[in-house]
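Protein chains: 2
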Amino acid sequence: MAEKITARSVDYSQWYIDIVLNAKLADYSPVKGCMVIRPRGYAIWERLRGELDRRFKETGHQNAYFPMFIPMSFLQKEAEHVEGFSPELAVVTHGGGEKLEEPLVVRPTSETIIWSKYRDWIQSWRDLPLLYNQWANVVRWEKRTRLFLRTAEFLWQEGHTAHETKAEAEAETAQMLEVYRKFAEEYLCLPVIAGRKSDSEKFAGAVETYSIEAMMQDKKALQAGTSHFLGQNFAKAFDVQYQTREGSLDYVWASSWGVSTRLIGAIIMTHSDDKGLVLPPSLAQDELVIVPIFKSDNKASVMEYANKAFGLFKAEGLRVVIDSDDSQSPGWKFAEWEMRGVPIRVEAGPKDVASASVVMVRRDSGEKVQVKLEEAPAMAKELLKRMQKELLEKARTFREANTKDVRNMDDILAFYGKEIVAKNQPADDGESHEGTSEAKGGFARGLWCGSRDCEARLKAELKVTIRNLPSGMQDNCSGACCLCGASAKHMAIFARSY
Amino acid sequence: MAEKITARSVDYSQWYIDIVLNAKLADYSPVKGCMVIRPRGYAIWERLRGELDRRFKETGHQNAYFPMFIPMSFLQKEAEHVEGFSPELAVVTHGGGEKLEEPLVVRPTSETIIWSKYRDWIQSWRDLPLLYNQWANVVRWEKRTRLFLRTAEFLWQEGHTAHETKAEAEAETAQMLEVYRKFAEEYLCLPVIAGRKSDSEKFAGAVETYSIEAMMQDKKALQAGTSHFLGQNFAKAFDVQYQTREGSLDYVWASSWGVSTRLIGAIIMTHSDDKGLVLPPSLAQDELVIVPIFKSDNKASVMEYANKAFGLFKAEGLRVVIDSDDSQSPGWKFAEWEMRGVPIRVEAGPKDVASASVVMVRRDSGEKVQVKLEEAPAMAKELLKRMQKELLEKARTFREANTKDVRNMDDILAFYGKEIVAKNQPADDGESHEGTSEAKGGFARGLWCGSRDCEARLKAELKVTIRNLPSGMQDNCSGACCLCGASAKHMAIFARSY
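Chains A and B supply the protein sequences, listed in that same order.
Numbering-wise, the first sequence is residues 15 to 512 according to my numbering.
Numbering-wise, the second sequence is residues 15 to 512 according to my numbering.
This is chain A alone, in the form it adopts within the complex (with noise of 0.2 Å):
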């Protein structure tokens, strides 16, 4: 039977903890920081990635696979890189029974070991461009972790192209971005800003790093995934020069860009409530489940029934499984499917049966509706539409309503409220509680200076970040900065953030 999940206004971390275990999405590892991703959660996360790599071939990316070991000194050679990435790596000393002569390290991200390649395909303008991609795992040792949003080993996708022009890079960066912009409302029906990161926030080796943030339901936001304009940086690094259109060398111009199953994370923190998943339809493995409702005296009759419609569903293409394990009563099923996240639940009773109806139930709003049966494909389709698009409106709208233009800094600390912090300090469990009661505050939208100080001592004080100073607003950016009263040069979203 389905455990009971802590209601969000009780702990929004334990909610959300309760809803990974008991839906079986993922679980832990004996190896700390590490997580198994069970058959539900792997089923999310083989959609996500299908659709992910459709969009990718379909702009022109090829996949690829490289090595997941990388000697240490490669790390050395970009020097942001190597700082960024030392304190959260997992070095193998010894291989078959012996000590290396050098240490390797498990890939915290590939840009590397890709670039040491490169200069071996890359000779002339015409092995240009490389548009490349990866499915892969990666370590990043962290000491606070939480199954799917920060794990020591993880999966995801690192695109690695390489350009002949700073123009082809940029346009790169930014395509694969928007592509994920789409890709997260489109599919995963999660609002997301669109925006570059601020300095102190960039890829460690990177010239840009562009992000999407979407809202979760505690208002604090989660990056969903970054694209990266890398500059020359790692050509330089590695020597990677091509021969121009005019005959003279020149360094190669890059991107890399990356989602993950953090995704996962962001996807059941944004649509599930207090009884369990909630699944956009399209990353549903299952949706539609049948229930049959019977007693002894009628189950041949129910069940038939039941199958029939089965029958008709899956004619009609949908994704439908049939619940007939006489061991649980109804209402069980009912609670358990809703755990599970199946979007629809079509209930066949002995009612239905001598309408010749069924009834369907909408695993997010609750809407029920009873149809007949010949028409009941039709209407599943259109519930699961209907979901998909609503999904990303009502997420839309809880962003919109918990974000908030601010002029100044008495705006930000009466939106954030300067009492949170105590609340946020680490447990001491290596699991990371933030915060038990519902967040104040959200996205602040408001002008910012530039300056490092101003963005250093908003951490410090509130646990608050500049997510990304989002696209399309940075035309108009006169007037004061919201931290400090300076000039302001950017239109910046803050939050506090996962």
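Incorrect hints may appear among the rest.
All copies of an identical chain are treated as equivalent in the list; a pair is satisfied when it fits inside any one copy or across any two copies.
What the hints assert, rightly or not - Pairs of lysine-lysine, DSS-like flavour, derived with a Cα cap of 30 Å:
id, residue 1, residue 2
1, Lys113, Lys157
2, Lys38, Lys157
3, Lys91, Lys113
4, Lys46, Lys250
5, Lys38, Lys250
6, Lys399, Lys71
7, Lys386, Lys365
8, Lys38, Lys180
9, Lys322, Lys71
10, Lys113, Lys46
11, Lys71, Lys347
12, Lys157, Lys91
13, Lys216, Lys113
14, Lys91, Lys38
15, Lys395, Lys71
16, Lys309, Lys382
For the record, the hints were derived by calculation from the structure and aren't laboratory data.
Starting from the known structure of chain A, fit chain B onto it as the hints suggest.
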């Protein structure tokens, strides 16, 4: 331009490496023993994986993902398992800048970490069976490596199932062997011999190991997949007991099974020729390449025609590309696309335009047909279908022609030729070059007494091992062991192997 490929008759090992590198399937890694899978090689893996995954799901399996790091102590819980894998382990000793309390092993296979979790998930017979599979990278530190065939890190799938009864686990082991056999033959065009491994060749920790064995063009065997009946070994090692239907406690029964990127090596070595890669159409990213043949005065009309042909093929769902690069001659392009292994070349020149036809050439047999343009898509499908069938037949014919029934040691010595041993010494460069001239021998089929001593002597003297005891041939094994003359128990397939 395509580099020259060493002929098989000159140096078979070099021929193989030439194809892998020149067809850009894979490349060496900066870390010795690892490999980079380039887009054209990875595309083969993606198709192979997609089809096999479909077959796994069709037989009721689900995908999951377990951590790649395994505590060293886990391996030690199963005595044979740790003994078998210890020499090949990569060991992580440091994480996040600190020395780890317990070293972590990078998975060489995942039985131990998976069974440690099965303990949490299995309480009762109602929780069984668990039919899980994982697609992952694994590491086995090898001294002598060869691209695809044997690399320190490789990609694979590993199925791990848990069952109530011995019979069920045995049936699963047999079922997956049969899934592999059919997949190898139908999809990869690899004829294989399915059978049980001798005790000395079993997986470390298995009760029985079964394999499918293919013959390469140098007449050596390649183990292309394995399925293990694990008995209760891992359940006992990790104390995984379940409540039976009768209410008592019993250990869970297990199977595991896997295939890897090694299959790509097998495909290359089975089908390719001295011009380059030959791929079964099922695996080809592009089934057809259109090569327009034009001069400057007829380029426009030829290109228009070629594009029309492209549209017709595409409309019929065929995977087609057009090579309109005008910096290369048609002859160069023919050689290049032969190297890449595209199953059908479509030639479209001015004469074809005039006669409203195209010429199609099969990559494997060189068969050439001229057909009217409107009939070309149907003809292409026909040719691809025949090619898929005939590649399997050709490989099977080759294997049968190089399989000999042997009665005694004289037969065996005559078949393999004793002098070949001297040529098979390991090279010093870490890459293996096993025999540079065409090997004698092939598969020897003979009776075996079951003694490890006979096996060991044969291996020491001729580098020949028992590949497996073929299924369906174990019923009438009376007679004398072909190695020692004692009373035989099994029919065995003997061969040199990769």
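So, going through the hints one by one against the coordinates:
In the homo-oligomer, the alpha carbons of Lys113 and Lys157 lie at most 30 Å apart both inside one protomer (27 Å) and across protomers (14 Å), since each shortest distance falls under that limit. Taking identical chains as interchangeable, the C-alpha atoms of Lys38 and Lys157 lie at most 30 Å apart only when both belong to the same chain, with a minimum of 24 Å there against 41 Å between chains. With identical chains, the CA atoms of Lys91 and Lys113 are at most 30 Å apart both within one copy (23 Å) and between copies (24 Å). For the homomeric pair Lys46 and Lys250, the shortest alpha-carbon distance between copies (24 Å) is at most 30 Å, but the shortest distance inside one copy (37 Å) is not.
For a Cα distance limit of 30 Å, the shortest separation of Lys38 from Lys250 across copies, 25 Å, qualifies, whereas the shortest one inside one copy, 46 Å, does not. In this assembly of identical chains, Lys399 and Lys71 lie within 30 Å of each other by CA distance both inside one copy and across copies; the values are 25 Å within and 27 Å between. Taking the closest pair of Cα atoms, Lys386 and Lys365 come within 30 Å of each other only inside a single copy of the chain (12 Å); across copies the shortest separation is 62 Å, beyond that limit. Taking identical chains as interchangeable, the C-alpha atoms of Lys38 and Lys180 lie at most 30 Å apart only when they sit on different chains, with a minimum of 27 Å there against 46 Å within one chain.
Taking identical chains as interchangeable, the C-alpha atoms of Lys322 and Lys71 lie at most 30 Å apart only when they sit on different chains, with a minimum of 24 Å there against 39 Å within one chain. With identical chains, the CA atoms of Lys113 and Lys46 are at most 30 Å apart both within one copy (25 Å) and between copies (14 Å). In this assembly of identical chains, the alpha carbons of Lys71 and Lys347 lie at most 30 Å apart only when taken from different copies (24 Å versus 40 Å within one copy). For a Cα distance limit of 30 Å, the shortest separation of Lys157 from Lys91 qualifies both inside one copy, at 26 Å, and across copies, at 28 Å.
With identical chains, the CA atoms of Lys216 and Lys113 are at most 30 Å apart between copies only, with a shortest distance of 29 Å across copies and 36 Å within one. In the homo-oligomer, the alpha carbons of Lys91 and Lys38 lie at most 30 Å apart only across protomers (27 Å), although the nearest pairing inside one protomer, at 42 Å, exceeds that limit. For the identical chains of this complex, Lys395 and Lys71 are neighbours both inside a copy (27 Å) and across copies (25 Å), given an alpha-carbon limit of 30 Å. Only within a single protomer do Lys309 and Lys382 lie at most 30 Å apart by alpha-carbon distance; the minimum there is 23 Å, versus 68 Å between protomers.
Of the numbered hints listed earlier, not one is contradicted by the structure.
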